[in-house]
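**Student:** Top line first, the protein sequences correspond to chains A and B. If you're matching positions, the first sequence starts at 593 in my numbering and goes up one per residue. If you're matching positions, the second sequence starts at 14 in my numbering and goes up one per residue.
None of these hints come from the bench; they were simulated from the model. Just so it is clear, the structure is predicted and the values come from calculations on it, not from any experiment. Mixed in with the good hints there might be a few duds.
As the list claims (entries may be wrong) - Listed below are the simulated SDA-like cross-link pairs for lysine to any residue, each with C-alpha atoms no more than 20 Å apart in a straight line:
| no. | chain 1 | residue 1 | chain 2 | residue 2 |
| --- | --- | --- | --- | --- |
| 1 | A | K633 | B | G214 |
| 2 | B | K210 | A | V665 |
| 3 | B | K77 | B | L142 |
| 4 | A | K633 | B | R56 |
| 5 | A | K633 | B | W212 |
| 6 | B | K210 | A | I646 |
| 7 | A | K679 | B | T58 |
| 8 | A | K633 | B | T58 |
| 9 | A | K633 | B | L310 |
| 10 | A | K679 | B | K77 |
| 11 | B | K210 | A | F638 |
| 12 | A | K633 | B | A275 |
| 13 | B | K210 | A | P619 |
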Amino acid sequence: MTRAEIEAAVIEILARQLLLPVSEIAPDAGIEALGLDSLGKAEAIFALEERFDISVPFNANEPDQPDFDFSTVDRIVRGVEELIARKAG
Amino acid sequence: MRRVVVTGLGTVNALAHDVPGTFAAFREARCGIEPLTFREAERLTMRIGAEVRDWRPEDRFPAKDLPLLDPVTQFALAAGAEAVAMAGLTGDLGPRGGVILGTAGGGIRTWEDSYRAVHAEGKTRVSPLVVPRLMHNAPASHLSIRHGLTGPVLAVSSACASANHALGLAMQLIRAGAAEVMLAGGSEAMLCFGGVKAWEGLRVLAPDACRPFSRGRKGLVIGDGAGVLVLEAEDHARARGARVLAELAGFGMTADAADIVAPGGDGAVRAMRAALADAGLEPRDIGYINAHGTGTLANDRAESAAILEVFGRQAPPVSSTKAMHGHAIGATGALEAIACVQALIEDRLPPTLGFLGPDPECPLDIIAGRARQVRVQAILSNAFAFGGLNAVLAFRRAE
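Extracted from the complex, chain A is given alone in its bound form:
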């Protein structure tokens, strides 16, 4: 799966949670600025795990999220790439 494909899928998942058209979510957009609340985040992570068959190490109690950076679309894409690579490896 190419990076572009992953990015498109991540944006599609976020768009569904945010009720926004995909065209309004830029790759460098910040997740907080997009207005995703904590339940929306939990649902988006669930969707990422189902879509890519990965397990995202995310705990809502660790604001700095050392294991998975959920702060921008780009960083989510990078994190998903790494998790897919780790699974393949």
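Got chain A sorted already, so can you dock chain B onto it with the hints?
**Tutor:** The following block gives chain B in isolation, referenced to the frame of chain A:
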């Protein structure tokens, strides 16, 4: 107004299967959280919990009764029997006695076993007793049957505040003259594969330990168990010469009417103030707060802010006993009520375990690590549930 007193306690939880063992655990600051042992726990991401260990229902209940008793009911029956015995209730209370028990999940293990049978194992039928086993009122109804209580009997369900609501409503029924004696508290048996799997999705479970109000806390840890208190009209208790353990003096309940999971708004503040006012207490009268203190980032910060708003800089010492008995969801308020009664009887405030150091956003006097020997006059016990439902109890020393 009639005063309502506590004359009996009973419990089954991860620390012990009775009150003396639980009191000893609270004194010694023991932790009941361990690796999970139930079927398929290895398929979970979060694998710790406060399970009721070495539970042998076949030693406690007749074989003919067991098919009707989900663990949530077994725990309630054991706790109820202990509470009734401690209170010395012997005569038939009939319509002057009742039961209100909280549970969030009811007979979850019965749901799980039955779905497993028909979906995973391809069976065509389930036990004919599934419905009376899993219904939320099964624990309350079995207690009424066992002890001949024919007055007000019902279950309440308000997630993590269920037991506090049950205790508060039972107190109000006694005040109103609808009963002389109520068994009240909560029971929960959520520690099975499906129960924990459901919680995992919310990303609020801790992988390592429950550390309420501590820096480095990573979330809540689920527990199982039941707590039952005998609540009684003071005149009724005095007339029969019962030992009064404490007074349940006040109850406040509010709703945030905001977010379905996130705490916020002034609901917690209003519930604490309502409990104080109902008990005729001022903030300065409170010597200890048994916090909701789940160990999640969101609860502990919101609860700290609410406590500081009600009590100001003179806030009393705070602990969350969930670090010992786990978050027993719909039963947790009853386990915490038992800790509060013990604190009043023994002049010893139970601790919060797993404390690594203060979180600047929770600037409270946390009773960390070990129990604190202090004589207090009154206590608040908080419960703030998913759904934005807040229920606060106020206990006062027995006179």
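**Student:** Does L310/B lie within 20 Å of K633/A when you go C-alpha to C-alpha?
**Tutor:** 16 Å, holds
**Student:** When you check the alpha-carbon spacing of K633/A and G214/B, does it fall within 20 Å?
**Tutor:** 11 Å, holds
**Student:** Can the restraint linking K210/B and V665/A be considered satisfied, given a maximum Cα separation of 20 Å?
**Tutor:** 27 Å, violated
**Student:** For a C-alpha distance cap of 20 Å, please report whether K210/B and F638/A respect it.
**Tutor:** 13 Å, holds
**Student:** For the pair supplied as a hint, K77/B and L142/B, is the alpha-carbon distance within the 20 Å limit?
**Tutor:** The hint holds at about 12 Å.
**Student:** Within 20 Å, alpha carbon to alpha carbon, are K633/A and R56/B?
**Tutor:** 23 Å, violated
**Student:** Between K679/A and T58/B, does the CA-CA distance stay at or below 20 Å?
**Tutor:** 16 Å, holds
**Student:** Between K679/A and K77/B, is the straight-line Cα distance small enough, at 20 Å or below?
**Tutor:** 51 Å, violated
**Student:** Can you confirm whether the C-alpha distance between K633/A and W212/B stays at or below 20 Å?
**Tutor:** Measuring from Cα to Cα gives roughly 15 Å; hence the hint holds.
**Student:** Between the alpha carbons of K210/B and I646/A, is the straight-line distance 20 Å or under?
**Tutor:** Since the Cα atoms of K210/B and I646/A sit roughly 16 Å apart, the hinted pair holds (cutoff 20 Å).
**Student:** Has the given pair, K633/A with A275/B, been kept, meaning a C-alpha gap of at most 20 Å?
**Tutor:** 13 Å, holds
**Student:** Would you check the hint for K210/B and P619/A, treating anything up to 20 Å between C-alpha atoms as holding?
**Tutor:** 32 Å, violated
Of the numbered hints listed earlier, those contradicted by the structure are 2, 4, 10 and 13.
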